[in-house]
Amino acid sequence: MHYLLMGNPNCGKSALFSRLTGSHVVVSNYSGTTVEFASGKMNLEGKTEKLMDIPGTFSLQPSNKAEEAAVELLEEGGAIINVLDATNLERSLYLTLQLLQIGKPMIVVLNMWDEVMKNDIEIDHQALEALLGVPVVTTCALTGDGLITLKNRLPEARTGGLSADNNSNLWQAVESITKKIQTKGEAPETFWQKLDHTTIHPISGPVIALVVLFFSFAIVAWIGDWLHEEIFDEAFDLLWLPVAEYLSITMGSSGWLHDILIGELIDGQINFEESFGLLTTGLFIPIAVVLPFVFCFYLVLSLLEDIGYLPRLGVVIDGFLQRLGLHGLSIVPMMLGVGCNVPGVMAGRVLETKKQRFIVATLIAIVVPCMAQQAMVIGLLGKAGVTGLAIVYGTLFILWIMLGVIMNLFIKGKAPEMLIDLPSYRIPYWQSSVKKIYMRMNSFIKHALPYVLLGVFIVNIFYTMGIIDLISSFFAPVITTLFGLPGEAGAALIVGFLRKDVAIGMLVPLGMELQQLIVASIVLMVYFPCVATFVVLFKELGWLDLLKLTLIMLVVVLLTGAGLNFLLNLTGI
Amino acid sequence: MQKTLTELNRKEKAEIISLNGGRTMQHRLEKMGIRKHQIISRINSQFMRGPVVISMNGHQTAIGRGMASRILVRPLNSGIPK
Ligand SMILES: Nc1nc2c(ncn2[C@@H]2O[C@H](COP(=O)(O)OP(=O)(O)O)[C@@H](O)[C@H]2O)c(=O)[nH]1
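So the protein lines, in turn, are chains L and F.
So in our numbering, spot 246 of the first sequence is number 246, and the numbers just go up one at a time.
Numbering-wise, our numbering comes out as the position in the second sequence, counting from 1, plus 573.
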């Protein structure tokens, strides 16, 4: 039998999931048709049982696609481990009673028990057990208290005995249970609550948000760059260069196989950035350049997420996002999109309507560059100071607003308002944060590395077959006249469809001027998302909307590329 | 005296009297526990027609401005807990 972890958002499910599955056996699962969920194995009385972490939901009548997925997964069978945030008993019980009604074996977990004790709340969990007719255990996922009892009692999971009548009486049932088993004192305002009020204050809130966003970006850019330059770059030179050189010499420093595996020798030397072989640039880009940035990004994101800042950022930025046809919660898919567009587009499912999902997907695909692109662009432009980077990010920001406002005006459909719960600030449980970062990195490596290698491979094949020249001359009118770029950059556009980081890497040997580098970076960032994103967009939006998105994208890229080229020519940077 | 949630002052406590919206709105609010007879207090709101943040049972919820303007409440006297 498998077990399903179900509960409201932020009740501590993921933390419990980490605890129950232990550190050894975790299978992350990004299924194509359901929302991201984790599935792992736990050890129960010597047997291995499957445990699934289901997206958080408030009720069994879903109001967005993420909740729909939760309900679907529930239909597949298994026993339910219903996790409750015990500090918010009443609201959590609403779901519990609904779950009881579907008549599956179930066990109730009162998590956050440490907070219950701290906050002067008394809950009679034995009485609750008697009322619900299913086992009730108390846990603190942070310290692991109560986990052994939970494991021991899992096999006791059974169908409940409560005879809740119908939905309209559900809240009354919840209230009467709560009244019987809980007494709550007036808790004094804590430091965290005061901090909380400051972060959503109409004036200090936005200021703090800007500071947080600035530092997040700065940390990723600086530490990412440091890791790249000082650690990964050095490690490649020290450990991998000798191997690559040995292989190169063994193959006689030339020939087609040499060209594909090692690439071109620059001044008789292997150059990881420019040689463009599978075993040189093909490994160097994803591992030494992109990975450090991706790692830093997920570190920062997980921290913001696990502390509980993201929904507050959503509150502060909501008014602004409404002008784009969205609401505060869309900050989550967009932030995820900054890591990688694929999970970003998928997370768009937290939004309620088709219009909102289209807008958020289009914005992510067109103006939110993933970390892989940013890492390459930071490397490419950063060498010449911050001007280039400032222009690139400034342009993207302006595009983001303009595109959003325009789409909001012209796309039909409803844009419901935000309604979200603001979970209290909490100290993250480091083990589940680490696990989350690991899962995200793992999925990055698994998905990115093959495409990067394929991209580099295709570039080589194209070069040997002379296709690059063909493409270049075909695109030359647009590329050269409109964008002011060398014709060879056209090849990068083709490869960019596969992997943007490889495409930006192709710009390195072209020796372009700063102005050209800026235009090329923007064009590559804005035009076609990589093929992996394209596939998810197709799944999420369908072909008609994808076609619309593509047309919008083509218009945006032509206007922006040409406009920027023109402006930069005028100002003469 | 009745007010809408948007008219409630900062830190003022009130009881929810009714949710004057469509079925979808009521449903969205209710499943998060925002329903008749609940005691809430307003924490604050944001500029640019951003959401109103309320506190209920010691937990906070951000409610879109339009929705908040359709929630009727009755302020409880003085608003200062004993
Ligand atoms: N104090 C306390 N914090 C907890 C407990 N369980 C989880 N947390 C924290 O609550 C936050 C939300 O937990 P998470 O597992 O991400 O919730 P999920 O959204 O239900 O998966 C995290 O910051 C956790 O570290 C607990 O028992 N006690």
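Worth double-checking, as some hints may not be accurate.
As the list claims (entries may be wrong) - Some but not every residue of chain L turned toward chain F, in silico, with C-beta under 7 Å:
hint	residue
1	Glu45
2	Ser63
3	Asn64
4	Arg91
5	Pro202
6	Met418
7	Ile420
8	Tyr425
Read the hints as simulated data drawn from the structure, not as lab findings.
All C-beta atoms, glycine included, are put in the ideal place defined by N, C-alpha and C.
Against the structure, the hints:
Violation of the interface hint for Glu45 of chain L is found here, the shortest Cβ-Cβ separation to chain F being roughly 37 Å, above the 7 Å cut-off. The interface hint given for Ser63 of chain L is met, as the beta carbon of that residue sits about 6 Å from the closest beta carbon of chain F, less than 7 Å. A distance limit of 7 Å between C-beta atoms decides the matter here; for Asn64 of chain L the minimum to chain F is near 10 Å, and the interface restraint is violated. Taking 7 Å as the C-beta cut-off, the interface hint given for Arg91 of chain L holds, the closest approach to chain F being about 4 Å.
Given hint, Pro202 of chain L at the interface with chain F, holds; its Cβ is 5 Å from that chain's nearest Cβ, closer than 7 Å. Contact between Met418 of chain L and chain F, as hinted, is supported at the beta carbon level, the nearest pair being about 5 Å apart and thus within 7 Å. Taking 7 Å as the C-beta contact cut-off toward chain F, the hint placing Ile420 of chain L at the interface holds, the least distance being around 5 Å. Nearest Cβ of chain F to the Cβ of Tyr425 of chain L: about 11 Å, over the 7 Å cut. The hint is violated.
Hint check: violations occur at hints 1, 3, 8; the rest are consistent with the structure.
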